[in-house]
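Residue strings, one per chain:
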Amino acid sequence: MSARPPQIEEVQRLADAVFDGVIDAKSLQSLEELITSDLACLQAYVERIGLHGDLIKQSIERCSGHDALLTIDRVLAAQERIESRQHRIVYFALACSIVILVTAGWLMSLPRAKGPEMGVISNLTVDQISESSSFLLGQVLRPKTDYVIQGGMATVKLPHAIIDAVGPTKWRFLDKQTIELKRGILHLDIQEGGTGFTIITPDGIVEDYGTRFLVEYSSSEGTGVSVQSGRVHVGLKDFDGNISRNIDLTMRRALRLSSSKKLIQEVGFIEEKFRSIEAVRGNIVSIDGTIRTMTVPPQTLLVNQHKTRNHVLIFPELQNVILTEDMVVDGLEGNVRFPAGTVLNSYLLHYDPDELTTQAPRGGVTFDGKIAAVLGGADSLSKSDKKFGLPDLQYGPQVSRELELDEDEVQVSEDRRTLSVYFGASGAEALDQVRVLVYRNQ
Amino acid sequence: MSSRSLPNEYPDSAMNDSERQQQFLRNLATVYGEAYASALVIVGNRTDADDVIQEVCVVLWLKFDEFEPGTNFRKWACSIAFNVAKNFVRKKRRRNFGLSDYALSRIEQIRRGGAELFELRQEVLEKCVAKLSETDRQFLDECYNESHSVAAMARSRRTSVNTVYARLNRLRRWLSDCVSRTLEKGG
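Chains as they are written, first to last, in our numbering: chain A, 250 to 691; chain B, 1266 to 1452.
Keep in mind the hints are simulated off the structure, nothing from the lab.
All values reported here derive from a predicted model rather than from experimental measurement.
In silico DMTMM-like links for lysine to aspartate or glutamate, alpha-carbon gap of 20 angstroms or less: (1) B:1357 with A:273; (2) B:1357 with A:281; (3) B:1357 with B:1373; (4) B:1356 with A:395; (5) A:393 with B:1315; (6) A:275 with B:1366; (7) B:1357 with A:395; (8) A:406 with A:424; (9) A:556 with A:651; (10) B:1356 with A:281; (11) A:636 with A:574; (12) B:1392 with B:1449; (13) B:1351 with A:282; (14) A:619 with A:527.
Partial list, derived from the structure: chain B residues whose beta carbon lies under 10 angstroms from chain A: (15) 1303; (16) 1309; (17) 1386; (18) 1425; (19) 1434; (20) 1444.
Glycine included, C-beta positions come from ideal geometry on N, C-alpha and C.
Start from the sequences, fold in the hints, and give me the full structure.
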């Protein structure tokens, strides 16, 4: 194999990061310097991006995903978008002109308006990759901006809805009740007051009537809608963008629609699509600080087997566990007695810092139900593993998993919905685990 | 086939709508991959390239009457793809960040100047891909097919995104080396 000068290798690495949409501003600056100062680097960059382009082209040809019909769809979809954008620009310009005439001087002294707040990022998985730079917890999302998550999952909290975007997904808010899904998967949990929330794709519209549902779209597969509970109203667009057919979809039903094929067809409901999202955050409403969820559950939590650098991992364990007999647990706040018939959801916080961990993590997690008990002792954790733990996960019997109460802090909020943690990272064995039992929200 | 008509901006054209559409689609189908690659080399990012190529298709259709039959449609389409992509990057740079105009013009020079070499690389790459195992080829197809992104693959395989990227990067590196090695040997 021919030797590669380090600079060429660096350019190829940076080109891959550009292609994958994960390059940051600093790396892009470095790439700019390399390709504008060295012809070989420039050549290497163009060749590498060309390699990706050729691989896409070959993949399209091999997978027969590209035909004339698809091309027409793409042209038409783009045409509609451009026309819509042109209309929006005209309306926006008119509105701006009027406002400027009336309050020109006053407006000049104000900062640029960014549009109203649509929602806030309330949960991120540790493997989330977004376009250009990472999403941040608490980040405010606004209208008329495309949001892209390449991998992992991000959750957006709205006043009456919780929306999970599963990477790779691209979407934008049109207003507080409407989202345009451009590709990928959105999972929606619409709460009281949120009825009428609408998702628009190139194939149709999906309007909520109080439910938990999922919409997916890709240019090759069209639009898929699955309803886990409640009811949605689905409208198929015709070629002119008008609704040509309507269907109401109720719980545990799914359909696929394609405007180009004039197709709206009921298909099998796949529960797994919802389970994979529930496995990420269960009924967690929001997280903050350095707590993170994850898309793929861990295999083992033995010491040094699942490191969590600079963050605390939280994941749902068994949900909706119905106690068949009275049970007493040894919680951090003392013994807690649960009568038979109590329904509990369980979550585990896991913190196992590696040698490169630079900060002791702190953060909070808010659940949709009240916290029933917090277990942090080695004995109480081990005893509850079988009842509440994931069946395929290796927890281990080690004592080191328990909290060191002299340096670890765990607090439950007054309304008992939020748990705040601070885990110290000193000592030879810094592994900490906490099990949180939460009453199911009725 | 769809019965929908493309928007006709040129009703007085000598060719009727249906003929124009058919000819346009035939031409577009033959150069789609090239136009995509031309856009990609400027925007770099696949997600952006997907957006740009849609706009390119619209522009090509709207300007189709300006295209002179008998001249090189591929060259014409790629040239438009370059320009649409450059405008896209400029707009994006204003909002966010991106390569400078100078860097973009240098990239375009290299791409245009080495058109034949890039075509050759493409042919060699096909041969290199053919040398991969069936499993690796399928993996590559899934990675580069829009509906099977790296993240989606990681989810379906119940593994991490990093694991998928590691395998993908190994394949990219091998393919890149294979192309260079083959060209050094004279194809």
